[in-house]
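Line by line, the protein sequences are chains P and V. Residue numbering for the first sequence follows our numbering, starting at 3 and increasing by one per position. Residue numbering for the second sequence follows our numbering, starting at 361 and increasing by one per position.
Any given hint could be a false lead.
Label-pair ranges, simulated between beta-carbon atoms [said to hold, decoys possible]: (1) P:Asp78 / V:Val490: 34 to 42 Å; (2) P:Gly80 / V:Lys471: 40 to 48 Å; (3) V:Ile430 / P:Ala93: 34 to 42 Å; (4) P:Gly221 / V:Gly484: 53 to 61 Å; (5) V:Glu479 / P:Ile206: 30 to 38 Å; (6) P:Thr82 / V:Pro441: 52 to 60 Å.
Source of the hints: derived by calculation from the structure; they are not laboratory data. From the three backbone atoms N, C-alpha and C, an ideal C-beta is built for every residue, glycine too.
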Amino acid sequence: MLVSTPSQLVNPLGNRRRHGFGTGAGGAAAFIGPLDALIADGASLVAAYSTRRLRSAYTGNALRIRGDGTGSPEADIGFTATGDLDTTAVAAAIASGGGSNGYFRTWYDQSGNGRNAGNSTASQQPLYAAGSHSKGTATFDNSNDQLDTASFSQAQTVTVLFVQRTADRTDFVYPFGGIGAFMGGFWSTTVGLYAGASLGGGPIMTNNAWQQLRFTFAGASSKVSLNNGSATTGDGGTTGISGGFRIGNRYDGAWPMNGSISEVLVFAGDPTGLASWSAFYTATQTYFSLT
Amino acid sequence: MIVFVPAASAETLSEALWSLTRPAHLRSEADTQRLFATIEALNGTRWLEVDTLESVVIHAEAELGSIADILQPFIHAGHLPADTNTQLAALIESKRGQRLVVYDAFPEFFKAQAKTRDEMITAGWLAAPVTP
Chain P
3 MLVSTPSQLV
13 NPLGNRRRHG
23 FGTGAGGAAA
33 FIGPLDALIA
43 DGASLVAAYS
53 TRRLRSAYTG
63 NALRIRGDGT
73 GSPEADIGFT
83 ATGDLDTTAV
93 AAAIASGGGS
103 NGYFRTWYDQ
113 SGNGRNAGNS
123 TASQQPLYAA
133 GSHSKGTATF
143 DNSNDQLDTA
153 SFSQAQTVTV
163 LFVQRTADRT
173 DFVYPFGGIG
183 AFMGGFWSTT
193 VGLYAGASLG
203 GGPIMTNNAW
213 QQLRFTFAGA
223 SSKVSLNNGS
233 ATTGDGGTTG
243 ISGGFRIGNR
253 YDGAWPMNGS
263 ISEVLVFAGD
273 PTGLASWSAF
283 YTATQTYFSL
293 T
Chain V
361 MIVFVPAASA
371 ETLSEALWSL
381 TRPAHLRSEA
391 DTQRLFATIE
401 ALNGTRWLEV
411 DTLESVVIHA
421 EAELGSIADI
431 LQPFIHAGHL
441 PADTNTQLAA
451 LIESKRGQRL
461 VVYDAFPEFF
471 KAQAKTRDEM
481 ITAGWLAAPV
491 TP
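Construct the complete structure from the given sequences, taking the supplied hints into account.
Written out as structure tokens, the structure reads:
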């Protein structure tokens, strides 16, 4: 008869390890998510979409993919033991119908709140690509691609972390926003945000580079930052998320995303002051080859 | 290229077009349900937002189905040739297992009414996008 003592059930290193997973006493891998420590420190997730597994507590799939071959087959895609997107399964799903392309039908919410982002219309689904970082990405067509959640609301303060790559930083783009009221992040040479007032003149992205944008919607103390650099601060207005959340476009569909997205994290509050924030950013920088 | 095609039954038509590649009886609720997006213009009319290059593989069990029902009033009204549905059914039959650019199969009557986004805005049917 096997009996586990309480001490055997607790990871002696807690959830502070920076790498993706550890080795248990029996040699079995115990996955530790990149967000575990931040959440343990008090970060409050509103929604979380990524091509990597973010939390040890999340055991669901990463995304639902549609192949463009015969029968337009669809399949849920999970993660490998190390928390990477199961790209072998992606390839198999696309190949099952003899297709050559896959599209994001649904990007599953890893926050535990069930706020999956999806689109049931084929022509609006972003294209799956491995990405130059080989971690998997959703590529938006600069036309009408978008992934929407069901309706929910979240008042400010709201922070959105956004791992993206664009070939044209000068194109006017709203890569995300609330659906029911006008709020979201944007770029047009400089990065900014709008939530009833416009905070512009933020950092300037690099074309064709994976970068993390951070948008903190906090009224007069709103701020935008690139790759965890110094923030541009100002009044962005007080509108929070309402009617749900859209990835890839603005609430009215007017300014579509023109590049690729691998991760979108939405927090209530601002997690950057938490003790484990720097370690989380560094791990993200390494994982997605942010430059 | 995106064009807007007027269609009072835009949602039904979009679902019927998707059924050409994945018939309804093969779909689950979690699956894709429609081919093209639909919009309601500022004057209340419904439009299909068509990607003119979008293509699908025609399924072995695909049927013209509700597409024929949608086209029938236009045939009765004389806007479309009497043999439109027969011609489309033959096209689908000939394309089973092959890729079809869907807009290529649209009757000319509808293509003639298609508008670009700029044309929709100029006509006052879509709002001009504003920047903050």
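How the hints compare with the structure:
{"no.": "1", "hint": "P:Asp78 / V:Val490: 34 to 42 Å", "result": "39 Å, holds"}
{"no.": "2", "hint": "P:Gly80 / V:Lys471: 40 to 48 Å", "result": "43 Å, holds"}
{"no.": "3", "hint": "V:Ile430 / P:Ala93: 34 to 42 Å", "result": "38 Å, holds"}
{"no.": "4", "hint": "P:Gly221 / V:Gly484: 53 to 61 Å", "result": "36 Å, violated"}
{"no.": "5", "hint": "V:Glu479 / P:Ile206: 30 to 38 Å", "result": "34 Å, holds"}
{"no.": "6", "hint": "P:Thr82 / V:Pro441: 52 to 60 Å", "result": "56 Å, holds"}
Comparing the model with each numbered hint stated earlier shows that hint 4 is the single one that does not hold.
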